[in-house]
Each structure stands twice: as C-alpha cells, then as structure tokens.
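Peer 1: If you want the building blocks of each chain, they are given just below.
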Amino acid sequence: EAGVAQSPRYKIIEKRQSVAFWCNPISGHATLYWYQQILGQGPKLLIQFQNNGVVDDSQLPKDRFSAERLKGVDSTLKIQPAKLEDSAVYLCASSFRLSKGDNYGYTFGSGTRLTVV
Amino acid sequence: KQEVTQIPAALSVPEGENLVLNCSFTDSAIYNLQWFRQDPGKGLTSLLLIQSSQREQTSGRLNASLDKSSGRSTLYIAASQPGDSATYLCAVRTAGNMLTFGGGTRLMVKP
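Chains A and B are the protein sequences, given in the same order. The numbers in the numbering used here rise by one with no breaks, and the one at position 34 of the first sequence is 27. For the numbering used here, add 486 to where a residue sits in the second sequence, where the first one is 1.
Read the hints as simulated data drawn from the structure, not as lab findings. Each residue gets a CB set at the ideal place from its N, CA and C atoms; glycine is no exception. One or more of the hints may lead you astray.
Stated by the list, open to error - Quick look at which bits of chain B chain A covers, simulated, 3 or more residues with Cβ under 8 Å:
(1) 516 to 530
(2) 583 to 590
Claimed, not checked - Pairs of lysine-lysine, DSSO-like flavour, derived with a Cα cap of 30 Å:
(3) 487/B x 71/A
(4) 37/A x 554/B
(5) 76/A x 8/A
(6) 71/A x 528/B
(7) 37/A x 487/B
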C-alpha cells in the first residue's frame, strides 16, 4: 500500500512571499489532516477534511492560511503571505474514515519543511 | 480542551538499558492512543495503537500500556539500541477524530 505522499520536501522562501504544499492521501482514506510542527514541539492540527468538506479548521490562521481538497482526494495548503513564525514542518495525514466507532490509526506523510527567511 | 504531556522531554541512556517514556492526558474520553517515532527531518512512523478498551500493546521490544481512567500511558523499550535514538510522540484521538499530540521525548541511546 502506498503511503501518504507530500511535496515538496523542502522549501525556503522570504517573508511575505506565498507558498503551497501538496498532499496525496492513501487511496480510500476519506479523512485528511494538515498538521504544523514547530521545531521542538508536537504537531498541531491546522485543518481536517472529511472527503471534500472541512470538519475542523478552528486552529487555522485564516487570514493567511487556506486549504482545499477538491474531489475529496488530493489537498493543497497555502500560506499567503508567509511570516517568519510559519517556519515549521507541515505534515499531512490520512485515516480510513470518520465515525464514532472508528478506531483506525493515522498514517502520516514525510512532511514539508518550510523555512521563512 | 485535551492536553497531552510527555515526560521526560529528553533522555540519554547507554545502550542496553530498559527505559520508560511517560505520557499523560487530561481528558479520559479518548477513542485510542497512538505512539509515534520521528527521526530528524522525517515524518511520523506509527509504533503502537492502543484502543480505549485495551490495556496494552506489544511489538518486538516495545510495550505500550494505557490506563484511561488515570489519563496515563507508558512506552517501555527493552534493551535499547543506538538505532532507537529518535523523538517519541504520543497522541490521543478524541471526539471529532481529532488527534492531540504531546511535545515528545527526545531519546539518545549511546553506544
């Protein structure tokens, strides 16, 4: 089974520039997540999709971050404009489905390391 | 709001030691708890998943326990090896399928 694919692996941009990350979840996984992991901390959920709908985006800084999951498969996360504090690893994860009785675990991609200078 | 804490934040041990990593969470209403390993510059690799109804899970030299009522989990690593050096993260899944992570324990196993 192919894993969660993310690209690019690394990105360096200047502050105030824009950047986009791409994620392809495991085939058949309805739920997709974007996490932000700042150096030395645990990942923090930014946004959660169920198919192509947003389930939770309460921790997404919506003034500069946006995400979409067209057709309920691939997803893109965009930052515009970037700030120095956005430097982090952006992780994408997927799980089989979202339901109260679902006890499946998550599968994470390798992440995109963003450096804002 | 669920909060997850991991102790210690960093640990350095000589090769061959048995060690325990601790994870605590504030809300016991969880569906499962998952332990991950993260190597520098890499993504997360799932090690063990414990359902809320289970007490422990084992995989090779790893054993994870869960005491849901007290909000605690431990990851036991037997006969540690230099290749075990990594950051270990625990995460709990709660209502809404949200996964909340602890800050991680950075483990260094010295030859």
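Peer 1: Take the hints in turn and mark each one as holding or not.
Peer 2: Verification of the supplied hints:
1. 516 to 530: As far as the stretch 516 to 530 of chain B goes, the hint holds, because 8 residues have Cβ atoms under 8 Å from chain A.
2. 583 to 590: holds (count 8)
3. 487/B x 71/A: Holds. Residue 487/B to residue 71/A sits at ~27 Å (cutoff 30 Å).
4. 37/A x 554/B: Given pair residue 37/A, residue 554/B holds - Cα atoms ~22 Å apart, limit 30 Å.
5. 76/A x 8/A: The given pair, whose Cα atoms are some 5 Å apart, holds under the 30 Å limit.
6. 71/A x 528/B: Holds. Residue 71/A to residue 528/B sits at ~21 Å (cutoff 30 Å).
7. 37/A x 487/B: Satisfied, since the Cα-Cα distance of roughly 13 Å is no more than 30 Å.
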